[in-house]
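S.K.: Residue numbers (the working numbering), protein chains in the order written: chain W, 1 to 230; chain P, 1 to 512.
No lab work stands behind these hints, which were simulated from the structure alone.
Nothing here was measured: the structure is a model prediction, and the numbers come from that model.
One or more of the hints may lead you astray.
Here are the simulated DSS-like pairs of lysine-lysine, each with C-alpha atoms no more than 30 Å apart in a straight line [unchecked claim]:
| id | chain 1 | residue 1 | chain 2 | residue 2 |
| --- | --- | --- | --- | --- |
| 1 | P | Lys426 | W | Lys136 |
| 2 | W | Lys136 | P | Lys405 |
| 3 | W | Lys20 | W | Lys152 |
| 4 | W | Lys113 | P | Lys437 |
| 5 | P | Lys221 | P | Lys85 |
| 6 | P | Lys354 | P | Lys221 |
| 7 | W | Lys152 | P | Lys437 |
| 8 | P | Lys220 | W | Lys20 |
| 9 | P | Lys237 | P | Lys71 |
| 10 | P | Lys221 | W | Lys67 |
| 11 | W | Lys203 | P | Lys139 |
| 12 | W | Lys106 | P | Lys71 |
| 13 | W | Lys20 | P | Lys426 |
| 14 | P | Lys405 | W | Lys67 |
| 15 | P | Lys437 | W | Lys104 |
| 16 | P | Lys437 | W | Lys67 |
| 17 | W | Lys104 | W | Lys155 |
| 18 | P | Lys220 | P | Lys85 |
| 19 | W | Lys67 | P | Lys476 |
| 20 | P | Lys180 | P | Lys221 |
| 21 | P | Lys298 | P | Lys180 |
| 22 | W | Lys155 | P | Lys437 |
| 23 | P | Lys71 | P | Lys85 |
Residues from chain P shown here face chain W by an in silico Cβ test under 7 Å; the list is partial [said to hold, decoys possible]:
| id | residue |
| --- | --- |
| 24 | Lys126 |
| 25 | Leu438 |
| 26 | Ile440 |
| 27 | Pro445 |
| 28 | Leu446 |
Glycine is no exception: its CB is placed at the ideal position from the N, C-alpha and C atoms.
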Amino acid sequence: MAEDIISLIKENVIQGRMTKDDEGIDEEIVGQPGVAELVEKALTSGLSIKDIITKGLSGGMNIVGQKFEAGEYFIPDMLASAQAVGAAMEILEPYLAESGVNVKGKVIVATVKDDLHDIGKNIVSVLLRGAGYTVKDLGNNVSTQAIVDAVKEEKPQFLGLSALLTSTMAGMAEVIQMLEQNGIRDQVKIIVGGAPVSAEFAKSIGADGYGEDGFQAVAVVEALASSTEN
Amino acid sequence: MPRKGILVDRPYERLTREQVELIHQASMQILTNPGLISFNREAVDILHSHGAEVETITGDHQSWQVKIPEKLVLKALDSAPKTVKLGARNPDNALIMHGDEPRVYLITGSETNIWLDVDFPTYVNKTDHSKEIRVPEFKPRRGTVDDLCKSAHVCEHLETVDGYIRTVNIQDRDITEENKDVNKFFASLNNNTKHFMSGLTSLKQLNNVVRMAELIAGGKKELEDNPIISFITCLVKSPLQFVEDTTDTFIEVCRRGLPVAVSSSPQAGTTAPIKESGIMAQINAEVLAGITLGQLVKPGTPVLYGSVPVRARMDTLGDSYGSVETSQYNIDCVQMARFYSLPNYSTSGVCDSKIPGQQSSIERLFSDIVVAMSGPQYLHCAFGLLDCNSVFCLLQAVLDDAHFKLLEFFLRQPRIDQPELEAMLKQIREVVATPQKLYISYIRPLLRSGEISGLYPFEGNGETDDVFEIAYEQMKELLAKPVEHIDQETSARIFEEIPGILPRLNIYESRS
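Bound conformation, chain W alone (with noise of 0.2 Å):
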């Protein structure tokens, strides 16, 4: 019965679907409980959390990124999947504490100030919770000293920042320089991305990485996570 939900977490990952009403790969699933209501039964059945996230979830996840690497998952896909492992991660959120289970970082992201273009960090957004992190996402047009605020504020491992234009960009650096007034740079690990940016220009401006696409900024994310461990 224990293993049942958790294979039918697996599979929902793999199929991308968080509730119910979600269709997946699979033809006539529509209507079967999603990763959602497979999680809330988990629990009440008293299921280990541990093996919820570790064979339900981030199992499923690592089909997933097998399946999209082979070509046979698109962006789509990974996005669906990652969307039902945050939506499993926000219900479980409560119980990790005591879970034992190694709680990955808190990652603030935001678009930069004057700039209202969000489709590259929402997808980040979406991609980082699948990948089991926490995210605060601060929007768009985010001023820099909101950013710092928030910084300050919810103390994230990571801070995200996003900027579509060449003319906005600019305003990354002014965080940086900001946290740096502050003296909390050294709190958080910045990476940035935008189709402006590039590795050379985070380079310049300080930041600790740089995420070509969405994958990468979460890889980005992980490699940092494990070299702060080290």
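Since the structure of chain W is provided, determine the placement of chain P on it from the hints.
M.R.: Frame of chain W, contents of chain P only:
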């Protein structure tokens, strides 16, 4: 179930109804003045016996001036079937063509003498030896039976190819005038289960190729019901001349009631007026003359209104299939055929370029798109052909298939109706209410339904242009895929009954 083809919902038309009628009337006038010169006696007799005016022309070659009255043409247009079925070894590959329905079938062909091999030698940078690139190298050579088998094999697997016209002329040492037809028919039919259309090299071989088709189809009646082969005859040489030998072939094909494309290929500027109205009036008269003769031989013979007009190059006076006017003429012909409710054999994709590359892609895509949009039923779209139809390159055929997949998608009918719009309004309202405002989750149900067009399949890694190399790999994969050959028993009967087929084409003998 026949093949679906591409149903063009609202076909592109250049001519107004009035212009179409003007061309028709001009063609009728041409058929009586000056009429056609016939070098074929039998055609003269047939037309004369039905009321055509005939005068003997004095000169070195025996010929006659034939004036075809309008009523004969109109009667022929009446008896010519408005729906033509072209069968196939695999019945699911049959083509059903209605003259007034712009459903486009994409067809290979036509015969080229040169086969273009492709290789990818590596070149090293002179100053930095660590830098290497692979560049496609094209090597022309004479086509062989083996090449024809390969071409038929790959075209069997190219999804957008609806029917097969052989792409390469077989020029092996053991191929003669006498055995060419049986070998080209067998090589094509044994490696491809789609409809096969061909010209005939020797009229003496007509009975043999028809018998071969009967054996494959399962009998005479079965071949009538499922005509797996059809013929194309250029009985009219422009301007306005019935050719002696091809007219003989045409008459004999009509007597057997097998489907036949009546094709004319005037060259604007040399064998037809360069002005659009002139070449159109002439080609229409030439095709109608052929159709009239065919219907007099055997009323009800399934015919295709075949048009291969082309403009002359001004630098060489050779054909310029890549010229814009060539596409205009072809589109006009599609309209004329539709005016008569006859299925149309049309042409696109023929290019002036000698090798695959930018020029060939631009020339062929231009005409492929615009001519396909006009809705011809049987579109000979020159899969793999280069250099004005004189060179065939299998790699180019694989590239063309990818282009046609895009075109096929583009020509889909829009789905905009009330239920669809209501669903979209619901979707828009739902997404706008979410914090992320992304429609991505709605893509998924469509991802694998075929409702979203694919990427260009030969896209490289973005840093280099790998189109040829990727297409070449696909070509090799297609060659490695098996094809459904003619079964062993039928194959044995064909080799027993039909003389002249090369023993090396007998796959069952060569395997044992």
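S.K.: Can the restraint linking P/Lys298 and P/Lys180 be considered satisfied, given a maximum Cα separation of 30 Å?
M.R.: Holds, at roughly 28 Å.
S.K.: Would the pair W/Lys136 and P/Lys405 pass a check requiring their Cα atoms to be no farther apart than 30 Å?
M.R.: Given that 30 Å is the threshold and the Cα spacing comes to 44 Å, the pair is violated.
S.K.: Please verify whether P/Lys71 and P/Lys85 have alpha carbons no more than 30 Å apart.
M.R.: holds, 27 Å
S.K.: CA of P/Lys221 to CA of P/Lys85, is that 30 Å or under?
M.R.: This hinted pair holds, its Cα atoms lying about 14 Å apart.
S.K.: W/Lys67 and P/Lys476: Cα distance at most 30 Å?
M.R.: holds, 25 Å
S.K.: Given the hint that P/Lys354 pairs with P/Lys221, test it: the Cα-Cα distance must not exceed 30 Å.
M.R.: Violated, because 44 Å separates the two Cα atoms, which is more than 30 Å.
S.K.: Does the structure keep W/Lys155 and P/Lys437 at a Cα separation of 30 Å or less?
M.R.: holds, 27 Å
S.K.: Given P/Ile440 was flagged as interface, is its beta-carbon under 7 Å from a beta-carbon of chain W?
M.R.: It holds, given that the least Cβ distance between P/Ile440 and chain W is near 5 Å, below 7 Å.
S.K.: Below or equal to 30 Å on CA atoms is what counts here, so check P/Lys437 against W/Lys104.
M.R.: holds, 26 Å
S.K.: Against the 30 Å threshold, does the CA-CA distance of W/Lys152 and P/Lys437 hold or violate the hint?
M.R.: holds, 28 Å
S.K.: Take a quick look at whether W/Lys104 and W/Lys155 sit within 30 Å of each other, Cα to Cα.
M.R.: It holds: about 14 Å lies between the C-alpha atoms, which stays within 30 Å.
S.K.: Can you confirm whether the C-alpha distance between W/Lys203 and P/Lys139 stays at or below 30 Å?
M.R.: violated, 50 Å
Checked against the numbered hints given earlier, this structure breaks hints 2, 3, 6, 8, 10, 11, 12, 24 and 28; the rest are met.
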